[in-house]
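Going from the sequence shown to the numbering used here is simple: count from 1 and add 124.
Note that these hints are calculated values from the structure, not bench results.
Just to be clear, a hint being listed does not mean it is correct.
Unchecked claim - Restraint ranges, calculated between C-beta atoms of paired labels, are given here:
1. Lys285 x Gly141: 19 to 29 Å
2. Lys274 x Ile313: 29 to 39 Å
3. Glu300 x Gly190: 38 to 48 Å
4. Arg250 x Arg189: 13 to 23 Å
5. Gly190 x Ile158: 16 to 26 Å
6. Gly190 x Lys170: 22 to 32 Å
7. Ser266 x Gln213: 35 to 45 Å
8. Gln167 x Glu300: 19 to 29 Å
9. Glu306 x Ser251: 21 to 31 Å
10. Glu303 x Ile158: 24 to 34 Å
Where a beta carbon is used, it is the ideal one built from N, C-alpha and C, also for glycine.
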Amino acid sequence: MSGKLFLILGPSGSGKGTVIAHLREAFPDAVFPISCTTRTPRQGEKEGDVYHFITKEEFKSRIERGEFLEWAIVHSDNYYGTLKAPIVQALEAGKTVIREVDMQGVQSIRKILPPEQVVSIFITARSWENLKERIVKRATISEEELAHRKASFEREMEFSKECDYVVFSEDGKIPEANEEVERIIRQEII
125 MSGKLFLILG PSGSGKGTVI AHLREAFPDA VFPISCTTRT PRQGEKEGDV
175 YHFITKEEFK SRIERGEFLE WAIVHSDNYY GTLKAPIVQA LEAGKTVIRE
225 VDMQGVQSIR KILPPEQVVS IFITARSWEN LKERIVKRAT ISEEELAHRK
275 ASFEREMEFS KECDYVVFSE DGKIPEANEE VERIIRQEII
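With these hints in hand, go ahead and build the complete structure from the sequences.
Have a look at this one:
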């Protein structure tokens, strides 16, 4: 039996991180792949916890060898990617794999893995205004950055139509969103 890969995506501030934290507890036997990155570790980050820290040369070499399921250059300097082998091995072993990705990641993964093994779950607020409130509460942000995030939100909402599921993460109703995503995964792995 083959496993399933659940891709969690959505706009910045939508609650993806909170959902992933809930899913780690709800699915202790699931595989949560570790990303590779070329950026330097931040204070307190350890190799292998959230990221494998590698050089740009090694990253580029792995791209050439086709080792990534998906990868991207972020902020025109740092590379981020998901290695293919650990995910394929987990799927072949019948495991549930849960991964946070962006729109490009979903598109790349869909080109590589069979559609019956990939389930995309888009998490979002109901409107830009709801999302903007969350973003502003989290950090001081410039009007220019807000405009950039609004444009991203609009692109992502359009892309959400291509996802298997859309879950609305409402302010004050985080447990409900967590439970809905958990229910979707349980339903899909039966």
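Hint-by-hint comparison with the structure:
At roughly 24 Å, the beta carbons of lysine 285 and glycine 141 sit within the given window of 19 to 29 Å. For the pair lysine 274 and isoleucine 313, the beta carbons lie near 36 Å from each other, so the given range of 29 to 39 Å is met. At roughly 40 Å, the beta-carbon separation of glutamate 300 and glycine 190 lies within the given 38 to 48 Å, and the hint holds. Against the hinted window of 13 to 23 Å, the Cβ-Cβ separation of arginine 250 and arginine 189 comes to about 43 Å, which falls outside the hint.
Our hint of 16 to 26 Å for glycine 190 and isoleucine 158 holds, since their Cβ atoms are close to 19 Å apart. One distance hint, 22 to 32 Å for the beta-carbon pair glycine 190 and lysine 170, holds here, with the actual separation near 28 Å. Distance hint check: the CB atoms of serine 266 and glutamine 213 are about 43 Å apart, consistent with the given range 35 to 45 Å. Evaluation of the 19 to 29 Å hint for glutamine 167 and glutamate 300 yields a failure: the beta carbon distance comes to about 35 Å.
Glutamate 306 and serine 251 have their C-beta atoms about 25 Å apart, which keeps the hinted 21 to 31 Å range intact. A hinted range of 24 to 34 Å holds for the C-beta pair glutamate 303 and isoleucine 158, which are about 26 Å apart.
The structure fails to meet hints 4, 8 from the earlier list, while all remaining hints are met.
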